[in-house]
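*Asks:* Here is what each chain is made of, one letter per residue.
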Amino acid sequence: MTTQSAPVLALNNIRKTFGGVVAIENFSLDVKAGEIVALVGDNGAGKSTLIKIISGVHAPTSGAIQIDGHEISMSSATKAREHGIEVVYQDLALADQQPVYMNLFLGRELTKGPMGLLDRKSMIEETERLVTELDVRIPSAHATIRDLSGGQRQGIAIARATHWARKLVLLDEPTAALGVAETAKVEKTIAALKSRNIGVLIISHSLDQVFRLSDRICVLRRGNQIGIRETAKTDKNEIVSMITGV
Amino acid sequence: MPTPSTAAPAAHPFRSALARVNFQQYVVYVGFLAIFLFFAIVLRDSGFLSQRNLVNIVLQTAPATIMAIGLVFVLSAGEIDLSFGSIVAVSALCAAMAMAAMPAAAFPLGILAGIGAGLFIGAINGALIAWLRLPSFLVTLATMGLIAGIGRSLTQLRSIPVTDPLFTGIFGSGSLFGVPSLVIWTVVAVAIGHLVYRQTRFGAHVLATGDNARAAQVTGIKVPNIRIMVFMISGGLAGLAGLLYAGRLQAAKYTLGETDLMTVIAAVIVGGTLLNGGKGSIIGALVGSLMMGMLNNGLILMGLSVSDQMIVRGLIILVAVAISLREKSR
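So the protein sequences, as listed, match chains F and G. Its first residue numbered 1, the first sequence is counted upward by one per residue in UniProt numbering. Its first residue numbered 1, the second sequence is counted upward by one per residue in UniProt numbering.
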C-alpha cells in the first residue's frame, strides 16, 4: 500500500478503558479520502469516546492511529489539528461573545507587521468569502455569535472545520438542533467535502440522514464494533437490528 | 432555506445595529459627563474646574487606573483578582527596602524589587488557579490576606522613606515637558494595555478563554498559560502602582492600595468589562477610574464628612454597576 492510496485515517485495534470500565473494545476502521463514514449506535455505545480519541482529547489505552499511513501519537487537540483533523463538536465550541470572524480564526488568528498585530481586515474578508461560499447567511462577519440562530451557529462551526481541515472532519451530531431547511444546507456542506478529498466521520442519530450522506456505516454497541456496511448494499432494517442487537 | 432567509434580513440589521451600539459601553461615558457637569455647576466657586484640581484628579487616580488595566485582563479571562490591593503595598515596601539597602543603585533596584514582587505573587496566584484549578476568588482572597500580613510583618508596621530623587521624580512628582510623570505613566499604560488587549493574539486568546475556555482549549489556545499570564499582568501592574504610590508619597507603608480594591473593581465594571469574562474595555476602565477619582474629589470639595462620602460613593457605584449590568443581560 503506497502513501497515496493509504486511508486518511486508520484505526487499528483501539481499546479505551476508564478505570475498570471498557468504553471501546478492539475498534478498527479506515476512512478514505473523500469518503463519508457514519458512526451509529445507541446512547452510551462509545461514539463520542471514539471521536474524542481521534481528535486527541483522550489517548487510547491501546491500539494505533494512522494518518495517511503514518502512525501518530495523538496527545492533544492541538496535535490533531496539526495533522489536518478538525472537529465540529456537539456544543460547537464557539466563543459566544466574540464576533464571527474571530471564531473562525480562534487560536489561529492572522497577524501582520513586525509587531504581530491582529490582521482583522484579512480575517473579515476571508470570513465573508467563506460564509458566502458555504451559504451561511449571517448579518455580517462582525456579528456576535450569541446574536445568531442555532442554524447560523452550526454553519459557523462547520465553516471553521471545513476551512481548516486538510485530511479529516469529525462531526458529532451536526444537525441535532436544526430545522429541516437548515439540516439540508448542512448536509450539502458535508457532501461538498467529498470533492475536496477530505474524509468525513459523522455521528448521527438520524438514520435517514446517515443513508442520505454516507458511503459506509459503522455500527457500535456497548463499545464493541458490530460491523461495517456499505450504505448502498444495506438497508435501515439491517442497521437497526445491528444497533439494537435484536 | 426560505423561512430564515426571509426573516433574517428583516430582523437582523436592526438587532445587530442595536447590538453594535452597545449601551453598556456608553454608561461610563454618560456617567462621567453627568458627574462632571454636576460638580462643575455645584462646585463652580470651590475650584473644581481649576486646571490644578483637574490635573490633581488624574494624578490621584493614576495608581488605580494602572491596577484597573490589570483587572480588565483578569476579568476578561473569566477570573477575578482580589489580591492586587495587597500586592501594591508589598511591592512598594520591597522597592523601598531594596533602595534603602543599596542607595548606590537605588533606582534600578527599586524598580526590579517592586515590579518583581508583583510579578512573583501574580505568578503564584496564576499557577494555583491554572494548574490546580482552584477558583480564583478563593485563591486571591487567601493571598490578599496572606500578602497583607506579610506587608505588615516586613516592617513591623513602620513606613519606609523613599529618598532617591530619580525614583521620586520618575514615579512621583517629576514631569517631562511640563507633563506630570503620573499622567505620562497613565497614558503609556493605557495605550500599551489597549494595544495588547485589542490588537494582539494574546488579547484575543484572553477573551476566548474567558468566553468559552473549552472552545479556546480545543482550538489550540494554551488556556493555563493565558490564566497565569493575566495574573502576572495584574500583579506586575499592581507592583507598578505601588512604585507610583511610593514615588508620590516618598514613602512606602503597608496601608498603600488598601482601599483601592472596591474602587478599581467598580471602575472596571462600570467601564464595560463583564464580571464573568469574554468582554471588556481598557479605555472604559480608564474613564471609569477617572470617574471614581472625580467623585472622590468632588465629594471632598462639597465638604461631606468621610462617612457621608462613603455612603454617597457606595450608592453611586451601586447605581452605575446596576445600569451597566442590566444592559449586559439584555
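Think of the hints as simulated: they come from the structure by calculation, not from any bench. One should not assume that every hint holds.
[What the hints assert, rightly or not] A few chain F residues facing chain G, derived, Cβ under 8 angstroms:
| id | residue |
| --- | --- |
| 1 | Thr78 |
| 2 | Leu94 |
| 3 | Ala95 |
| 4 | Pro99 |
From the three backbone atoms N, C-alpha and C, an ideal C-beta is built for every residue, glycine too.
*Asks:* Are Leu94/F and chain G close enough, Cβ to Cβ, to be under 8 angstroms, as the hint says?
*Replies:* 6 angstroms, holds
*Asks:* With chain G as the partner, please determine if Thr78/F meets the hint condition of a C-beta pair closer than 8 angstroms.
*Replies:* Constraint on Thr78/F satisfied, holds at 4 angstroms.
*Asks:* Under 8 angstroms, Cβ to Cβ, is where Pro99/F needs to be relative to chain G, so tell me if that hint holds or is violated.
*Replies:* Status violated, d = 10 angstroms.
*Asks:* Given Ala95/F was flagged as interface, is its beta-carbon under 8 angstroms from a beta-carbon of chain G?
*Replies:* 4 angstroms, holds
Comparing the model with each numbered hint stated earlier shows that hint 4 is the single one that does not hold.
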